[in-house]
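Participant: Residue strings, one per chain:
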Amino acid sequence: MKTTRFLLSLMLVLTLCASCITIAAADEPIVLRVTDWSDSTLVYREQFHKEFMEKNPDIKIEYTQLTIDQFNSTVVGAIQNGDGPDLFPVPTTLNLASVVNEGWYLDMEQYVSPEFVASFLDGALVEGVHRKNGVLYTLPEAGSLSNSMLFYNKDILAECGLEVPTTFEEFREACRVITEKGAGNYYGLIEGGKQANRCEALLRALAQSAGAKLSISARALTVDGRAPYDSEGMKLAAELLQGIVEDGSLYPDTASITAPEARELFAQGKAAFLCQGLWCIGTWANDHPELNYGVMTVPKGAENGYVATVEPGLWMGIYANTKYPEACARYLEALYSADEYHYQADVVKSGSYVSVIKGINEENMVDPIMKEYYDAAMTCIDIPVVTSRDAKFYDFYGVVVGSTPSLASIAQGILSQAIDEPMDYLSMLADAETAAWKTACSTLGLDFAELEFTNWVAGQAYTAEDYAALN
Amino acid sequence: MSTIKLTKAQRKNRIKLNLWCWSFVSMTLIFYILFQGYPIIRSIYYSLFNWSGMTSNMTYVGLDNYKTLLADNLFWGAFKNSFRYMVMVVPLEVVISLFFAYLLNDEKLRGRTAYRIMLFMPVVVTASIVGIVMVFIWSSTGIVNNTLVGLGAIPKAINWLGNKKYAMQTVVIVSVWKDMGTYMIYWLAALQGVPADVIEAANVDGATRVQTFFRVVVPIILPTAGIIVILCTINSLKAFDLIQTLTGGGPFYATDVIATFVYRTAFTSEMGLPRFGYASAAATLFGFVVIIIGAVLNTVKGKLQQQ
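Chains as they are written, first to last, in this note's numbering: chain D, 4 to 474; chain U, 187 to 493.
Hints may contain errors.
As the list claims (entries may be wrong) - For each label pair, taking beta carbons as the anchor points, the in silico distance ranges come out as:
#1 U:427 / D:53: 35 to 41 Å
#2 U:306 / D:124: 40 to 46 Å
#3 U:304 / D:173: 29 to 35 Å
#4 D:251 / U:363: 28 to 34 Å
#5 D:324 / U:363: 46 to 52 Å
#6 D:251 / U:296: 37 to 43 Å
#7 U:262 / D:462: 55 to 61 Å
#8 U:329 / D:158: 39 to 45 Å
#9 D:365 / U:221: 38 to 44 Å
Everything labelled a hint here was simulated from the structure, so no lab data went into it.
Computed from a prediction, not measured in an experiment: that's the story for all the values here.
Using N, Cα and C, we set each Cβ at its ideal position, and we do this for glycine too.
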């Protein structure tokens with residue numbers, strides 16, 4: 004009897020405790036963990052979080068911003084162990100096919116409204132990039148514009164009595180004259196040479212501008228059955244950069260500075276030209292409002308030269324192991340909102356990037372330099388990508404082993420004068436990449452010939468139908 | 187062979203003593219196993235797989251990663267650079283730190299504590315901070331170039347860290363400056379173990395300071411020298427943080443050592459996925475080389491001590 008009474012009392016106490024805990028838990032807001040590396044929009048993001056939590060008191064945002072390297076080396080492990088953030092972007096070294104195979108993300112359309120999906124610009128959500136087999140897993144952070152535009156300092160050009168150069172010859176000569184006139188105070192060209200990716204972006208943009216049939220960065224495309232890294236266009240681009248370096252027209256510390264440092268030095272008037280992306284505009288507007296500059300596409304190296312667009316970026320998705328998918332959906336709907344929240348409008352107004360949401364850019368792109376950038380970027384053309392005609396090739400990028408020295412390292416070597424004969428290295432790279440791509444294709448049972456678009460004419464603007472007709 | 191029989195009480199005491207010893211050692215041992223031993227074993231395991239480190243897709247490839255490494259020019263370039271770095275750093279580090287230690291061991295020297303602190307200061311500064319500051323100091327508009335150009339030693343500014351010819355030497359100078367304090371402390375400990383009466387006897391015999399150093403002090407501190415050389419060698423072969431922040435292994439692999447090669451291969455890729463398994467193989471292979479070098483140096487030190 005005593006035991007029964009004790010057990011009943013114990014059950015009563017436990018039930019009361021459990022109720023108290025449940026009531027307390029119900030009152031506590033959901034903690035939504037969001038992690039990414041979007042440093043250029045941090046101010047607006049924090050404002051957004053404040054606004055979001057005010058309007059959604061049942062949700063608390065824990066936002067962590069890391070560098071890409073930190074994300075890859077810390078968060079990826081947590082994701083694999085089932086303890087990742089509720090919302091996080093796809094690591095830069097992975098593609099959608101890999102993360103979907105890993106089961107990292109939820110089918111987003113189960114939680115967001117159809118109106119939300121419809122609010123994205125046409126073509127912003129791409130099969131193979133954001134969707135796999137029609138299922139939406141991730142969203143792009145921003146509209147994809149070329150990130151290799153040439154910024155020029157108008158004051159320096161005016162001081163040297165120069166017009167904006169439009170050809171390779173004019174560009175090299177302008178850099179030489181500017182450096183001579185600058186007498187150590189300013190130079191022709193500056194670049195974040197410590198970052199191999201920026202060196203590659205410059206070399207690739209110049210090569211394409213010289214008519215080289217070249218894929219977008221980190222993608223495979225063959226010409227005459229070969230990786231086209233030693234083409235005539237590439238040779239012209241490498242020679243131009245070598246010439247600028249030999250003339251002494253490159254900012255002397257280029258090899259040992261990062262892209263943000265180069266951006267800052269350009270703003271301080273240490274160089275007349277800088278090849279970077281849209282992100283510079285917002286930074287300069289805040290830190291150097293006095294900077295008098297313009298933006299253009301890189302100079303033309305050949306008649307059939309062109310400037311390429313970039314691949315649509317993949318970014319945030321909802322973690323498959325999240326306890327709060329509905330809250331995640333609310334967060335995303337607010338982040339991309341065109342009217343209720345101001346985040347999209349703020350980032351466009353600030354010049355940080357262009358939005359992927361309908362109506363935002365037209366209303367908020369008030370900065371004239373941003374409009375100039377946008378107009379210049381609109382002249383860029385798409386390069387055919389094999390994944391658009393055969394989605395199986397997404398697996399190719401999970402298998403292929405990149406060759407070294409890579410194009411980025413070679414470009415870095417040219418700018419630092421560490422290599423005298425870049426064409427030797429480019430030919431070696433072309434051979435090695437061809438072999439690596441063939442191996443990857445044969446491993447996956449893919450047809451290597453599919454990497455080639457035989458009737459693609461470089462520099463020619465195509466419509467979507469034209470691209471579909473390429474073979 | 188005779189054995190000493192212990193009484194029950196003695197055995198109990200010995201067990202008690204052993205337990206005490208193990209209890210003190212156990213924490214270090216546990217941490218060593220968790221944070222050193224286990225990762226090393228996992229790294230060896232991963233080296234047998236084709237794995238990006240990012241996905242669960244691991245393919246067993248046996249020794250293929252090692253075979254590929256043996257034909258990888260960049261790996262051998264980094265391998266050579268590691269030894270180039272070691273060959274330059276170790277003698278400079280050992281000699282300069284000994285020089286300062288001997289100088290600052292003089293009790294008559296005024297403000298020697300302040301000098302010691304000054305020389306030790308770089309050791310406590312984070313390598314990444316040193317790297318960032320040094321990039322400015324050695325830049326074309328930095329103090330080094332301004333001084334050298336001002337003195338007429340060089341006709342125009344040189345980008346020391348961005349030039350293939352000078353990058354490694356510059357990294358070595360920065361590294362020696364940063365780590366010298368540690369070895370100076372070791373030398374000071376050794377020098378303080380030199381009996382004062384021996385030095386006095388040498389002075390009475392009319393030996394100069396240099397003669398006393400080479401004929402009296404050096405033979406006494408030689409065993410410590412062996413340990414310092416081994417530590418310095420192993421540390422120089424493991425160099426990473428300073429090189430990564432100063433040059434990232436560039437320009438065009440001129441300062442690429444094994445640690446930067448492993449980091450780049452494991453966590454970055456320009457096309458395809460990173461190669462964590464391959465990087466693990468590189469780390470394992472080089473780790474064995476370092477162990478062998480350490481063992482050889484230890485043997486040499488032992489023989490020298492016997493002599």
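Participant: Look at each hint and say if it fits the structure.
Facilitator: For each hint, the structure was consulted:
Remark: the range hint 35 to 41 Å for residue 427 of chain U to residue 53 of chain D is upheld by a beta-carbon distance near 37 Å. Distance hint for residue 306 of chain U and residue 124 of chain D: a CB-CB separation of about 59 Å, inconsistent with the stated range 40 to 46 Å. Residue 304 of chain U and residue 173 of chain D have their C-beta atoms about 54 Å apart, which leaves the hinted 29 to 35 Å range violated. At about 30 Å, the beta-carbon gap between residue 251 of chain D and residue 363 of chain U stays in the expected band of 28 to 34 Å.
Checked against the hint of 46 to 52 Å, the C-beta distance between residue 324 of chain D and residue 363 of chain U comes to roughly 48 Å, which is consistent with it. Between residue 251 of chain D and residue 296 of chain U the beta carbons are some 50 Å apart, a value that contradicts the proposed interval 37 to 43 Å. Between residue 262 of chain U and residue 462 of chain D the C-beta distance comes to about 41 Å, which lies outside the given range of 55 to 61 Å. As the Cβ distance of residue 329 of chain U to residue 158 of chain D is approximately 29 Å, the hint placing it in 39 to 45 Å is violated.
For the pair residue 365 of chain D and residue 221 of chain U, the supplied restraint of 38 to 44 Å is violated, since their beta-carbon distance comes to about 55 Å.
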